[in-house]
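J.: Each chain, written out:
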Amino acid sequence: MAVTVYPRPALAPGESTSARIGCIERLSFSYPGSETEALVDISLELERGEVALVLGRSGSGKSTLLRSLAGLVPHFHGGRFSGSVTVAGLDTRRTAPAALAGTVATLFQDPEDQIVFDRVASEVSFGPENLGLQPGEVARRVASSLAAVGAEHLLGRSTRDLSGGELQRVCLASALALEPQLLLLDEPTSQLDPDGAAAFLELVGALARERGMAVVLSEQRPALPLEICDRVLFLERGRLLLDAPRAQAIEWLEENAPAFVEPPEAAPAQARAPGVTICELEGIGYAYRPGTPVLENVSLELRRGEIAALAGPNGCGKTTLAKLACGLLEAQEGRALCHGRSGYLSQDPGRYVVCERAEDEVALGIAGDLPRARSWLTELGLAGSERRHPRDLSSGERERLGLAAVLATEPDLLVLDEPTRGVDPERKRELGEMLRAGAPARATLLVTHDLAFARSVADRVVSLAGQGVPADA
Amino acid sequence: MRSSAALALLGACVVAALVVAHPLSLALLAVVLLVLLLQTSWRRARLFLFGIAVSSFGLFLIWPLTAHVGSHPLWNGPILPVLGSLDVTREELAAGAMQTLRLATVALAFALWALRLDQDRLVRETRLARRSVLTVALATRLIPTLERDAAGFVEALRGRGVAVEGLRGRSRLLAPLVASSLERALTLAESMEARGYGRPDRARVTRARFSWRERTALAFSLLLVVSSLIWL
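In order, the protein sequences belong to chains A and B.
In this text, residue positions in the first sequence follow the working numbering: the first is 28, and each later residue adds one.
In this text, residue positions in the second sequence follow the working numbering: the first is 264, and each later residue adds one.
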């Protein structure tokens, strides 16, 4: 595919190049031990105050591009690096990531893995203290960055007790406390519900404009970020295929990568009535801690042949209900019945790495039946990876491995917890088609924040509101 | 009480646990630490208590079999290559019980460090060996993280119909747990570096003067070490 780069507007008379904060020139990079290049001949410039959205399929080099701007590539990861990356006049090859910290801040994908301290206040002050700022200035930055992300109330809380959404805000506050000129966000809304994600992205856009900070953001749910970004970069196999302002980028995406802009088609009306009841949840109540119920008096019925999606805000009990449905948790109140075998796909694909080979991982749940395990791997596009170690697979491949491991058990009730987290739009479409094709054989419960995906796959979307009362939407 | 004073107290307890000769002194120290540990949340303390119980019991079993002291045999076992005679004597049992108590006391002090100390403040305040203090603090946080990871693996296995039972079933989780910890450590290190960790110009939290309570704790720590070396 041809590379499409729209020329940046020429500088107006008297306008200086000081608006430019970052510059990548002919950057190519490959990780140690890898024959293929993760980034190939990338050139681009970043300006203050702009929000650039990086799109691309899984493994296209989005995270690597962000890491190169933070100096982590090549300093932290090693590998073969050619070309140059300059941020605020600093050559990242000659400047260590720690030295770039006052200029660049990075928010990585999984907030839980970035937490150093037990207390929110200590966590947010870690960066400013590393910069050698005076205690008064550190305290000011902690307060202002937490206020900027609407998390002042978390100041005295323990990081252990925070939800995924709250952790994501604290991590963003930690990055903002560095008062960077360039903010790098790697799939920052992957754990947020739609409202939380919209609020988060609006905040990022506003901060970029208020503080004159450039933001580079990679996302797999592009609909919301496409509304707030100024510019779109599209990567494929490490090459920059598109660098364009938002309007032109949307046109280009419609033509060349429609899955990234077009909402998936709504699920077709059910051709036949659902079959027998597979799962019955009646008047369910559940609390992890006495006195703070997660679910109260929730009822749900799932029949063979139907796909139901369970949606709702962070912390409303979706995953808890899903685990109750498939028997991983026992109801404290009410009645939970599952007629048949259930299978549960965890939202963390890192949980499917118990064995040394991918085929053994899948065969684990089917009494070591390797031929069947291999056929499921092929079904999920992992042919050729049978003997690879699950940890050597990419995140998208691990997601599919987990799905193969669960589907191989041929469950009557299939429960999928956030199966589209970190999955690119095209892969999502394939997953949806596969779920629809296999739907008649089982009842499927899909827990997701991705409402577009839910509507494209599910026969009904059940909204689990704050009080734990499901209502068909 | 600030973390450095509490750490001095715990450090003194560890030194005392390693040097005291009288079993009653050691038992008293262990009981005090156990009472303090039980004042934390049971949910967090139980994992440490389980670990302490298992390792102490293991040491008590192994010690008499591998030591070769005493003249009052209670059991005459076979002679094995490398290990020699597996006889158990009354003196070996007594020494094993003492060593077990030492191990349990040191482990209780570590559990208190993990559960009751404000490690954030300790790391931020420390002027000596900050990297080492941070490493120990992060390693301490690893314990609940490992517990959560293990629960996640078990859940994912049960979710595909694989029961995790018995020692063999659980031992299968050991390698993935270690690998997950290493992966997480790499991500954390990357994130810390991106936030300026390792810069030479790092600021330190200003420390207020020690309060009378903290000075008392420091004095008691010193007294505990000296008395355990001389009298206990």
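Worth flagging that the hints you see were computed from the coordinates, not collected in a lab.
Since the structure is predicted, the reported quantities are computational estimates derived from the model, not experimental observations.
Don't be surprised by glycine CBs; every beta carbon is placed ideally from N, CA and C.
Hints are supplied without guarantee of correctness; some may be wrong.
To be verified - What follows is a set of in silico ranges between Cβ atoms, one per label pair, in the way DEER data are often shown:
| # | chain 1 | residue 1 | chain 2 | residue 2 | range |
| --- | --- | --- | --- | --- | --- |
| 1 | A | Arg-187 | B | Thr-329 | 34 to 44 Å |
| 2 | B | Ala-452 | A | Ser-111 | 37 to 47 Å |
| 3 | B | Leu-437 | A | Arg-187 | 37 to 47 Å |
| 4 | A | Ala-274 | B | Arg-390 | 19 to 29 Å |
| 5 | B | Leu-312 | A | Pro-467 | 22 to 32 Å |
| 6 | A | Ser-185 | B | Ala-452 | 38 to 48 Å |
| 7 | B | Arg-433 | A | Asp-222 | 39 to 49 Å |
| 8 | B | Gly-432 | A | Gly-302 | 42 to 52 Å |
| 9 | A | Glu-289 | B | Val-317 | 24 to 34 Å |
J.: Next, verify each hint and record whether it holds.
T.: Each hint, compared with the structure:
Taking the beta carbon of each, Arg-187(A) and Thr-329(B) are about 40 Å apart, inside 34 to 44 Å as hinted. The supplied range of 37 to 47 Å is broken by Ala-452(B) and Ser-111(A), whose beta-carbon atoms lie about 25 Å from each other. Leu-437(B) and Arg-187(A) have their C-beta atoms about 24 Å apart, which leaves the hinted 37 to 47 Å range violated. At roughly 56 Å, the beta carbons of Ala-274(A) and Arg-390(B) sit outside the given window of 19 to 29 Å.
For the pair Leu-312(B) and Pro-467(A), the supplied restraint of 22 to 32 Å is violated, since their beta-carbon distance comes to about 51 Å. A hinted range of 38 to 48 Å for the beta carbons of Ser-185(A) and Ala-452(B) is inconsistent with their spacing of about 22 Å. Checked against the hint of 39 to 49 Å, the pair Arg-433(B) and Asp-222(A) passes, with Cβ atoms roughly 40 Å apart. Our hint of 42 to 52 Å for Gly-432(B) and Gly-302(A) is violated, since their Cβ atoms are close to 35 Å apart.
In this structure the hint that Glu-289(A) and Val-317(B) lie 24 to 34 Å apart at CB is violated, the actual value being about 57 Å.
Checked against the numbered hints above, the structure breaks hints 2, 3, 4, 5, 6, 8, 9 and satisfies the rest.
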